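Visitor: Assemble the whole structure, with the sequences as input and the hints as a guide.
Each chain, written out:
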Amino acid sequence: MGEPLNHDSYSDDYLRGILDRVKTIAMVGASEQWNRPSYFAMKYLQGKGYRVIPVNPRASVPEILGEKVYKNLAEIPGPIDMVDIFRRSEEAEPIVDEAIKQGAPVVWMQIGVRNDEAARKAEAAGMAVVMNRCPKIEYSRLHGELGWSGVNTGIISSKRRKPS
Amino acid sequence: MNEKKPPAPGFETLAIHAGAAPDPTTGARSTPIYQTTAYVFDEVDQAASLFNLQSYGYLYSRLTNPTVSVLEERLAALEGGRGAVCTASGHAAQMLAFFAFMEPGDQFVSADKLYGGSITQFGKSFKKFGWDVAFADADDPANIRRAITPKTKAVFVESLANPAGAVVDLEAVARIAHDAGLLFIVDNTMATPFLCRPFDWGADLVIHSTTKFLSGHGNAMGGAVIDSGKFDWAKSPKFKSLTEAEPAYHGLRFYETFGDLAFTVHGHAVGLRDLGATMAPLNAFLTITGIETLPLRMERHVANALAVARHLEKHPKVAWVSYAGLASSRYHALAKKYLPKGAGSVFTFGLKGGYAAGVKLVEGVELISHLANVGDTRSLILHPASTTHRQLSEAQQKAAGAGPEVVRVSIGLETVSDIIADLDRALAKS
Chain A
27 MGEPLNHDSY SDDYLRGILD RVKTIAMVGA SEQWNRPSYF AMKYLQGKGY
77 RVIPVNPRAS VPEILGEKVY KNLAEIPGPI DMVDIFRRSE EAEPIVDEAI
127 KQGAPVVWMQ IGVRNDEAAR KAEAAGMAVV MNRCPKIEYS RLHGELGWSG
177 VNTGIISSKR RKPS
Chain B
35 MNEKKPPAPG FETLAIHAGA APDPTTGARS TPIYQTTAYV FDEVDQAASL
85 FNLQSYGYLY SRLTNPTVSV LEERLAALEG GRGAVCTASG HAAQMLAFFA
135 FMEPGDQFVS ADKLYGGSIT QFGKSFKKFG WDVAFADADD PANIRRAITP
185 KTKAVFVESL ANPAGAVVDL EAVARIAHDA GLLFIVDNTM ATPFLCRPFD
235 WGADLVIHST TKFLSGHGNA MGGAVIDSGK FDWAKSPKFK SLTEAEPAYH
285 GLRFYETFGD LAFTVHGHAV GLRDLGATMA PLNAFLTITG IETLPLRMER
335 HVANALAVAR HLEKHPKVAW VSYAGLASSR YHALAKKYLP KGAGSVFTFG
385 LKGGYAAGVK LVEGVELISH LANVGDTRSL ILHPASTTHR QLSEAQQKAA
435 GAGPEVVRVS IGLETVSDII ADLDRALAKS
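Line order of the protein sequences matches chains A and B.
Its first residue numbered 27, the first sequence is counted upward by one per residue in my numbering.
Its first residue numbered 35, the second sequence is counted upward by one per residue in my numbering.
Please note that the accuracy of each hint is not assured.
[To be verified] Okay, the calculated bits of chain A under chain B, using three or more residues with CB under 8 angstroms as the criterion:
#1 67-74
#2 77-85
#3 153-167
Rather than coming from a laboratory, the hints here were simulated on the basis of the structure.
Owing to the predicted nature of the structure, the values given are computational and were not obtained by experimental measurement.
The beta carbon of each residue, even a glycine, is placed where N, CA and C say it ideally should be.
Guide: Given below as structure tokens:
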């Protein structure tokens with residue numbers, strides 16, 4: 027075990043590694059309302075080939091974007107590669123506890139969501155952790171898409187970008 | 035499991051590479067000029083996602099264009115910001131920055147040493163929108179604090195102010211703005227990010243006229259607003275355009291949805307959409323090309339300017355020289371702190387012969403161009419009292435640092451002995 031991960035500054039290789047490994051994402055707090063940030067992220071990630079499973083105990087519809095909505099992580103049949111948390115920071119810990127039980131290898135907390143105690147627990151269980159980031163924004167940043175809106179991606183490369 | 039982050043690229047590397055990559059389709063290494071107004075949709079659903087800001091892509095060049103995007107990312111990288119919005123001119127950049135959060139009845143505080151065009155834009159045209167400005171002398175930052183009222187939303191300064199090269203104590207003014215919960219906006223046109231990095235001293239937005247040193251060759255109009263990504267828009271109800279539901283985007287909340295990208299996305303999706311002051315792709319291309327050599331040009335600009343300023347300071351026909359790079363300048367200590375690589379290349383000097391000597395000097399030069407611009411490869415000269423400031427009374431001219439004896443120069447990249455010889459020849463006849 028090397029030095030602890032710095033949650034204020036992730037390397038591009040660390041984030042890229044997670045987004046390359048992950049195939050199935052459980053999105054806790056996914057909304058059926060099309061103008062909510064979680065709906066944006068789910069739709070975008072689906073378009074990039076990820077399977078996104080919505081988890082929301084208060085959802086009033088059976089499906090979001092063609093995927094069945096589950097009340098909690100334990101209900102989801104089959105393996106989950108990543109748990110994406112769209113809830114308030116203080117609600118992250120019980121979700122991480124569930125994620126550990128499910129054996130998910132990655133927990134990702136959205137922009138504005140940070141819970142260092144939950145992160146410590148997840149890391150102790152061998153999980154990779156990302157906090158206060160959006161997988162949609164990071165995916166697009168690392169794949170040369172974010173630049174359309176003038177965003178500083180921090181990517182320097184003389185290689186031709188693959189059309190996305 | 036933790037990988038070490040590689041060291042951040044240096045300024046020169048960013049100036050050449052940030053934002054640009056070989057064209058995905060053709061492999062073209064130089065950034066192509068995408069001279070197109072619109073972009074095809076693959077299907078209706080994809081178009082809907084783009085219009086709803088749910089996915090990234092190009093719709094219409096008033097909002098975004100691939101050539102302009104490269105310049106935006108490069109400027110954001112050079113300033114150390116999160117994102118940038120390019121505009122048709124520096125004035126358009128100022129309009130777009132204030133439009134993001136100002137409402138009728140709001141006010142902002144501005145330093146009173148500014149580019150003359152900005153004094154007019156803020157003091158006259160902004161009034162038509164109900165936006166009030168209070169001008170304060172930033173030489174003593176306490177004057178800025180005294181001008182703040184409950185209606186104030188932002189503080190604006192030029193890092194290196196036009197025309198006389200006044201340097202603002204950025205760190206002190208940033209503290210005053212942030213203590214009052216206000217946005218701190220810094221125009222960094224005259225310094226460029228090579229000489230000064232306002233975000234390192236607490237600026238929240240940086241503004242440029244890219245027409246000047248960034249483009250560098252006097253051939254492309256443009257402006258930019260760069261966001262640090264660090265301002266908490268939700269901390270005060272003053273910035274509700276970024277935090278509250280936007281009706282034109284079906285109730286989307288920019289800050290909640292885009293986090294530290296909120297200002298940059300809003301600047302395109304609302305600012306450029308509705309103000310329409312978009313940068314032309316060809317101007318973006320020329321500016322990208324100019325920026326590739328910015329570090330080399332700025333080193334030579336400041337070296338030439340310092341040599342010319344030192345020469346003029348000893349000239350018998352010159353009464354005074356106002357250049358922060360000289361030890362005689364009242365701004366010299368601030369320049370050493372905020373502009374350690376040099377105090378830019380625009381400065382003023384006073385002629386003992388007054389108004390008539392100023393007219394003779396600008397008419398007598400052969401190499402130096404007599405025109406109203408700064409930041410060109412060519413050396414430029416202007417006598418404000420007989421041109422840009424001629425409508426003002428002598429008292430107003432003096433207050434603006436443009437009294438009858440004042441001459442402004444923007445020192446270019448010619449052989450420095452040729453610039454000095456040209457001034458000497460013309461001074462001998464004035």
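Visitor: Hint by hint, say whether it matches the structure.
Guide: Results of checking the hints against the structure:
no.	hint	result
1	67-74	holds (count 3)
2	77-85	violated (count 0)
3	153-167	holds (count 4)
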